[in-house]
Amino acid sequence: MINAAGREIPSELAGRKLKPYRGPFSTPPSGRRKAPRLKFHHPRKGKVLKSIREAIKKVGLKDGDTISFHHHLRNGDAVVNMVIDVIAKMGIKNIKLAPTALFPVHEEIIQHIKNGVVTRIEGSMNGPVGEFVSYGGKLSEPAVLRSHGGRARAAASGELDLDVAFIAAPVCDDYGNCNGRYGKSAFGAMGYAYTDTVYAENTIVITDNVQPYPVTPAIVQQTFVDYIVKVNSIGDPFGIQTGTLRITRSPARLKMARDAVRVLEAAGVLKNGISIQAGAGGISLAATKFVHEYMKKHGIVGSFVMGGTTKYVVDMLEEGTMKKVLDGQTFDLAAIDSLRRNPMHVEINNTFYADIHSGGCAVDKLDAAFLGGTEIDFDFNVNVNTHSDGFLLHGIGGHQDVAAGAGITIVLMPTTRGRIPAIRKEVTTVTTPGETVDVLITERGIAVNPRREDLIEDLKGKVHIVEIEDIYRRVKGFCKEPKPPKLGDEIVAIIEYRDGTVIDVVRNVKN
Amino acid sequence: MKEIKVGTENERDCLVTVGEGKGVDINVEAKVELTRDDVVDIVGECIDLYDVDNITVTVREFGSLDYVIRARTCCALYKFIGKKIKEKVFIREETQRDRFRRSRLYVPGNNPRLQINAGVFGSDCIILDLEDSVSPEQKEAARFLVKEALKTLDFEEAEVWVRVNREFLEEDIEQVLVGNPHGICLPKSECADDIKEVEIIIEKYEKMYSMKGTKLMPIIESARGILNLEEIAGASDRIVALAFGAEDFTRDIGGDKSWDTLLYARSKLVTVAKSFDIQALDTVYSRIDDMDGLMDETKRIIKMGFDGKGAIHPEQIRYIHECFTPTKGEIEYAKRVMKAIEEAKRKDLGVISLDGRMIDKPVVKRAERILKLGGVL
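As they're listed, the protein sequences go chains B and W. Each residue of the first sequence is one higher than the one before, counting from 1 in the numbering used here. Each residue of the second sequence is one higher than the one before, counting from 512 in the numbering used here.
Don't take every hint at face value.
Listed below are the simulated BS3-like cross-link pairs for lysine-lysine, each with C-alpha atoms no more than 25 Å apart in a straight line [said to hold, decoys possible]: (1) W:Lys542 / B:Lys462; (2) W:Lys846 / B:Lys462; (3) W:Lys883 / B:Lys460; (4) W:Lys542 / B:Lys486; (5) B:Lys460 / W:Lys595; (6) B:Lys486 / B:Lys297; (7) W:Lys542 / W:Lys595; (8) B:Lys297 / W:Lys839; (9) B:Lys476 / W:Lys883; (10) B:Lys311 / B:Lys230.
Simulated from the structure, these hints should not be mistaken for laboratory data.
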């Protein structure tokens, strides 16, 4: 069947009936939130165990179960590898791995896919594991990719049925209260962890820092935690702050970031009360910085800034251009420090952030957002998952959620990456539907989605707008579209839209 | 065995190695495997063009566009066989003598990464440089790269120039004219003979390539050049602007780059240029982090009558343009001047006045220029 993004989707796959994507707000949910088992803990019994093995034994993890991890330690994470290693040694097989995201540091999971310990993955795969899976024939079922909000939604609905949530925590008390703010492995907000603990049957905290009861704030709460395991180290703090966080120095990209501010100014949203989503890519960081400078110069005070939290976001709070920071994921030390001491820097979880099947989520309240991507087509559909050669190398992040929620969604994308143009007649994979994307800013011009007649009217005479096809044609003069990748018939991954419908599938890359 | 290497391993460049072989052997190591066959095709086209056999071409590619691969491969083949080929000449519309040249961005001739986006910053001119930014051993590679860049890249609205080497005038011009730039910048122009020399070469290749209209921009950067400004400015109809090069000039006279030191040279250059009805373009501003300094200097040279300023970094362009942008008051006055003229024409009045002041030809010219700079006309 063909879904509303124009992509061919099978109606059934690996025993699962697929619902086609119908539009950003066209598929209302039915049913109820999942309720995990009631728990019971005797007040005289301890929760702290000696080893991961013991904890796994106690919760009764068995062949075929689903385990989850959060990715707040990013490329510095040691816990995923540590736990899967123990599971493998215990002889448990056929595990469904449900991390919120995997990073290059998790490359050794490939071994455990080969030896049958991990046979299914639901979660983002950044880098080597994604590349490995792309060749096909590696997993027993296609991987499932979800946005941050989609992940929270699936955990809540029970579509992602978690048997054990493993929670890496840089500080925890002996009853399981933990947060991400303190300790040698501090990473800041713990938004991805919370939802998993609420819906998982069992929760095991893995920490390198046990502190006396009570640890506050209790982002992950004692009421959900079954066991705690103390290890020497949950990760490498240098890897926790991933390398995406340098502001761009490329003049062309700086120009794009400045153009983003011009668009917001012309659209009339750069005024008191504005709320923005700040991306963590180099161009988005620059755009965030320039918005801050603009607001400061004009005495504008916004309501909140959200997104991957960085020094640039903290600057807005501290220099008074934003009243609050809503933080689901903290990227650098300045931001971790701010989260600790500034009550206006507020930690949020993924349900609050972006779950469409809830009473409302924070992305809905965004006036403007800066996003990136690998490809965009004439209908403004954006690919963030695959490269033009078909390899699945990136997660969705909050891309779909933010695009759907924000008043003005701006995609900042250079027209070429090496020999490959970014604007395509057809993208390799549709991640975010074009009807939720409003503006494309490239170094060679600004295009507005024709659906946004209001915005085109607002920008008239203030910002030079071109057709996306014009930029495409001009780039084609010096950077040809490569031929399509050689893909097979096997579906290696399902790209879910944030509401659980299927927006696209990823097919295997032929060697 | 003879082996030729052209290019670099830098981002967006490629390294091409040509050596002897059996038949035609093309090896490509591509950054993205998917595009490997496309690279092989381009190399194949180059080999056909040069009509060579028994050759091995190896390309290591680091995200380089087609034009870079073509330039590197053709240069390597040319060096390998030592034979020139007849090429299709690029067609480009001639430029206007009196168009704006507020900013001119110098772009290194052998650096693909800096060339690709050169057109997106809105500078009035782009100068692809074969001279100071290219080391002697890379001159040949740069000629090929600039030629292919001229034929391929999108410079948007900018006028494109090539700054050639005084020592390799003919080698440079023979190659880059295939790409049909709007004009040639001649560094170290010191006398009329320098201009005549380059003009003869340009004429020779314009004829050979069946093209015309290549403009000239002498760069004056020595005491002698300043002394001989009049004969330089009058030496060729192709000259549309005189550019000042303060770096070499200060070295030549043994002074510093202070305002006072350069005042005489600037004053003379502007005066001579205007007397020949050509534009006066000021030197580059070399401290790329000091935008206040750039704006201060640009405002001063505008007051002196200069028509443009050089830029060595794209970020400088918008600051330069800001200096050239007329104020609201200036625009309003200019509009009133134009209105008064129209009215006078309609009423068939000989003498026109506005606010009690006579409006003569220079006032109208200035008003027109302000309206153009302000984007009104």
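Consistency of the hints with the structure:
no., hint, result
1, W:Lys542 / B:Lys462, "violated, 40 Å"
2, W:Lys846 / B:Lys462, "holds, 21 Å"
3, W:Lys883 / B:Lys460, "holds, 21 Å"
4, W:Lys542 / B:Lys486, "holds, 17 Å"
5, B:Lys460 / W:Lys595, "violated, 52 Å"
6, B:Lys486 / B:Lys297, "violated, 52 Å"
7, W:Lys542 / W:Lys595, "violated, 31 Å"
8, B:Lys297 / W:Lys839, "holds, 21 Å"
9, B:Lys476 / W:Lys883, "violated, 32 Å"
10, B:Lys311 / B:Lys230, "violated, 31 Å"
Of the numbered hints given earlier, the model fails hints 1, 5, 6, 7, 9, 10; all others are met.
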